[in-house]
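Q: Just so you know, the sequences run in chain order Y and X. First residue of the first sequence? That's 59 in the working numbering, and the numbers climb one at a time after it. First residue of the second sequence? That's 59 in the working numbering, and the numbers climb one at a time after it.
Calculated from the structure, these hints are not laboratory results. A couple of the hints might just be wrong.
Put simply, identical chains are the same to the list, so a pair is met inside one copy or across any two.
[Stated by the list, open to error] In silico SDA-like links for lysine to any residue, alpha-carbon gap of 25 Å or less: (1) Lys292 x Val336; (2) Lys123 x Met59; (3) Lys210 x Gly193; (4) Lys169 x Glu262; (5) Lys337 x Arg115; (6) Lys242 x Gly280; (7) Lys129 x Val211; (8) Lys338 x Asn285.
Residue-level listing of the chains:
2 protein chains.
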Amino acid sequence: MMKVIVPATTANVGPGFDCLGIALNLYNTFYIEEIEEGLIIEGCEETYANENNLIYRSMKKCFEKVGYDHKGIKIKIENDIPISRGLGSSASCIVGGIVAANEIAGGILSKKELLDLATEIEGHPDNVAPCIFGGMTVAISQDQEIYYSQIKVSEGLKFCAMIPNFRLSTERARGVLPKKIDYKDGIFNVGRVSLLLSALANGEWDLVKHGCKDRLHQPYRGGLIENFDHIIEKCEQLNSIGVFLSGAGPTIMAMVNDDQFADDISEYVSGLKNRWMVKKLNIDYDGVRVQKG
Amino acid sequence: MMKVIVPATTANVGPGFDCLGIALNLYNTFYIEEIEEGLIIEGCEETYANENNLIYRSMKKCFEKVGYDHKGIKIKIENDIPISRGLGSSASCIVGGIVAANEIAGGILSKKELLDLATEIEGHPDNVAPCIFGGMTVAISQDQEIYYSQIKVSEGLKFCAMIPNFRLSTERARGVLPKKIDYKDGIFNVGRVSLLLSALANGEWDLVKHGCKDRLHQPYRGGLIENFDHIIEKCEQLNSIGVFLSGAGPTIMAMVNDDQFADDISEYVSGLKNRWMVKKLNIDYDGVRVQKG
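Work the whole structure out from these sequences, hints included.
A: Right, dumping it as structure tokens:
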């Protein structure tokens with residue numbers, strides 16, 4: 059029985075649409091083993107406890123890739139990452155599945171090859187890259203190749219996730235994005251993401267809020283999330299370092315450097331609809347890990 | 059008599075349109091002093107040796123700003139930065155002028171205030187920021203405020219400028235840019251500039267060429283520069299780390315980590331029209347400096 063611990067991830071990080079991501083210390087844990095025959099999946103809704111399960115499908119993709127003829131599979135799931143909230147729950151299933159399958163097959167694939175396979179399954183690399191490598195990453199696709207880099211972030215940065223009680227599918231959140239944009243909006247994000255990365259590397263926390271501004275996805279997606287603008291504004295008033303839509307949402311993520319913020323924003327969101335939950339988080343620097351028992 | 063040494067700058071750096079810039083060890087030197095009366099300008103074309111001179115106009119802006127009632131001014135110019143080639147010659151005149159004026163007035167303005175004033179005169183901060191601070195910088199304008207950060211670049215990065223014998227005005231180069239772009243082109247540059255900055259910080263030289271790709275200005279401006287595509291392609295063949303249009307052009311800038319590249323590209327461009335000149339350069343880490351004599 060192998061234990062696979064997979065971090066949550068927050069992608070986009072404001073202006074870094076489709077390329078930036080950060081691993082966080084919130085985890086799904088999968089207990090996985092090869093058994094004589096059949097498929098046993100425990101710990102998830104019955105509709106997912108079958109061959110359509112994303113962890114299992116990802117394992118099969120990995121087995122195919124490395125040419126491993128597996129027998130039966132048993133998966134026990136302990137979910138701490140909320141589903142369809144913009145915190146990389148599907149990336150965690152994909153990465154957990156292929157990492158487990160790779161271990162079972164004898165550890166054939168390198169981390170870079172795991173990234174390639176995970177991106178192939180997920181469709182984009184921005185969550186799976188930090189999920190595999192930990193920390194903050196940039197990852198892009200170019201001519202079927204994935205290029206990634208681990209971004210240096212100065213010490214002291216903390217996170218506070220505001221998670222509502224409703225789901226938002228990535229498909230729906232992608233559906234509201236435009237085909238054409240103003241030239242100046244493209245330039246806007248290029249400047250902001252450059253400022254963001256330099257400010258995070260240097261620990262220039264006062265610059266981060268300017269670097270966090272986005273015109274490429276948040277203005278289109280904010281309308282899908284009740285109270286989005288109010289919460290963003292409140293976070294800024296409460297001196298968050300920066301605030302952004304986590305992945306495709308609906309979670310809103312604040313970067314902070316004190317512990318007071320979480321208490322204050324908890325009080326504020328408790329007065330809103332949709333039972334927003336507030337979670338203090340830190341960067342996970344390790345990425346997915348396997349414990350064999 | 060004060061000696062003001064002002065570095066050349068290369069802006070945009072591929073995908074970092076209107077925000078990134080790097081100071082280089084190629085300098086204009088201005089000898090400036092307050093004299094009893096009148097205006098004497100030496101060392102430039104006669105058409106610029108008058109009140110329209112950009113150094114002098116910038117000095118006057120600075121004197122106005124700090125409320126200094128100047129007498130006459132003498133300026134002697136030693137130009138090493140080629141004019142209207144995308145190497146920040148106008149930024150050097152502006153920065154040199156205001157820094158000299160600020161010194162004459164008693165050093166009232168901070169470097170940040172000098173940046174604000176230089177940006178006001180130049181219209182955009184991407185050349186004047188590295189010119190003032192040295193190194194590689196990101197600078198953006200937001201609600202009349204300039205925000206900037208000094209970007210960490212790993213050691214060992216060198217530059218090679220390919221400078222043709224014709225000028226290209228920034229106005230003309232701006233005129234070919236579009237009002238609207240494809241959404242995916244905006245996203246493309248966001249991913250590339252993020253990869254570029256992380257790769258430069260980490261010294262991941264093999265990633266830089268992917269991070270250098272641009273879809274926001276080079277595809278539009280390349281057509282204004284004869285042999286642009288050929289030279290870019292040749293630089294890539296000759297194993298430059300990355301290659302991009304310097305500022306608004308027409309200079310093409312390669313990032314390299316060996317000395318062989320300059321010899322090889324010199325041979326190549328010697329066979330082309332427009333007498334391309336090849337210049338080996340390094341990062342200037344100090345920015346503008348003043349020597350009082």
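Q: Does each hint fit the structure? Answer for all of them.
A: For each hint, the structure was consulted:
In this assembly of identical chains, the alpha carbons of Lys292 and Val336 lie at most 25 Å apart only when taken from the same copy (14 Å versus 54 Å across copies). Taking the shortest Cα distances, Lys123 and Met59 sit within 25 Å of each other inside one copy (22 Å), while across copies they are farther apart (73 Å). Both within a single protomer and between protomers do Lys210 and Gly193 lie at most 25 Å apart by alpha-carbon distance, with minima of 8 Å and 18 Å respectively. In this homomeric assembly, Lys169 and Glu262 come within 25 Å of each other (Cα to Cα) only across copies, at 17 Å, whereas the closest approach inside a single copy is 32 Å.
In this assembly of identical chains, the alpha carbons of Lys337 and Arg115 never lie at most 25 Å apart, being 30 Å within a copy and 55 Å across copies at closest. In the homo-oligomer, the alpha carbons of Lys242 and Gly280 lie at most 25 Å apart both inside one protomer (20 Å) and across protomers (20 Å), since each shortest distance falls under that limit. In the homo-oligomer, the alpha carbons of Lys129 and Val211 never lie at most 25 Å apart, since the shortest distance is 43 Å inside one protomer and 50 Å across protomers. Taking identical chains as interchangeable, the C-alpha atoms of Lys338 and Asn285 lie at most 25 Å apart only when both belong to the same chain, with a minimum of 20 Å there against 55 Å between chains.
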